[in-house]
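Residue 83 is where the sequence shown starts when you use this note's numbering, and the numbers rise one by one after that.
Since no wrong hints were added, every one of them can be taken at face value.
Below 27 Å or equal to it, Euclidean Cα-Cα: the simulated DSSO-like pairs (lysine-lysine) are:
| hint | residue 1 | residue 2 |
| --- | --- | --- |
| 1 | K164 | K211 |
| 2 | K223 | K211 |
| 3 | K112 | K230 |
| 4 | K203 | K112 |
| 5 | K203 | K122 |
| 6 | K203 | K230 |
| 7 | K223 | K112 |
| 8 | K122 | K227 |
| 9 | K164 | K203 |
| 10 | K230 | K122 |
| 11 | K140 | K227 |
| 12 | K112 | K122 |
| 13 | K223 | K140 |
| 14 | K223 | K203 |
| 15 | K112 | K227 |
| 16 | K140 | K203 |
| 17 | K112 | K140 |
| 18 | K140 | K164 |
| 19 | K203 | K227 |
| 20 | K140 | K211 |
It is worth saying that the hints were derived from the structure and are not from the lab. These numbers were taken from a predicted model, which means no experiment stands behind them.
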Amino acid sequence: MKRVLFLLLIAVSIGAAYAWDGTGHNYLAKEVCNDFSECKDCMQNMIDGSTYPDHVLKDTTNHHFYNPATCIAADNYTCPTKYDGIALQKTDEWLNRSLHEEGCNKWFAIGVASHYFFDSKVIWHQVQKESSHCHSSFEEKVGDKLGKQGQWQVCECGQCINSSAFPQFIEEFESRLSSYDPALTPDRERTPTGHASAKQESNNMVLIVAIIAIIFLIIVIIWIVSRKK
83 MKRVLFLLLI
93 AVSIGAAYAW
103 DGTGHNYLAK
113 EVCNDFSECK
123 DCMQNMIDGS
133 TYPDHVLKDT
143 TNHHFYNPAT
153 CIAADNYTCP
163 TKYDGIALQK
173 TDEWLNRSLH
183 EEGCNKWFAI
193 GVASHYFFDS
203 KVIWHQVQKE
213 SSHCHSSFEE
223 KVGDKLGKQG
233 QWQVCECGQC
243 INSSAFPQFI
253 EEFESRLSSY
263 DPALTPDRER
273 TPTGHASAKQ
283 ESNNMVLIVA
293 IIAIIFLIIV
303 IIWIVSRKK
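Assemble the whole structure, with the sequences as input and the hints as a guide.
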């Protein structure tokens, strides 16, 4: 009986470790959906798809991206010895499936594809024999931060990620999506989280200068009027 319970606990811990947490996947799915006008009425389908591999398929084996050439050795994990890009293979499988779907079913399939793609970006999905604590704690902390304004950084067991990484991940996924379906192109240019665009910063500066000039002009007028009195 104890052996059965032990095996069940291992299975649960492995399942929990194979994804950004649900909050993270939901946020990323919403961000992608918001970039495409075609997805506007299918937001919930996109969100449901983004957690489908974990919640329904119970897939705990196809979320990794192993590339020995890019792995940097550390004490709390082992670098893979051979290339295995199964997460991106599953991404492409579901993007290809989306081509044969219509309406919101299409966006559900795209949501599933996004799950595998974004999992491939997690450092703990790129290494082996890592600490389960490092893995799960890292993803939970990122899930708590995603969507919050301003710049942020999450570090766990010597591995860090910051807010500016996610717009790039989203842009890469959208580019992959468009390569499968050229009819789908993002409606907006993505700005890194926590950073205003150069155009916005320029507009803000012009507004500040204009306000200062108006205040200065008012002061001069008041001074001239007071001198005449």
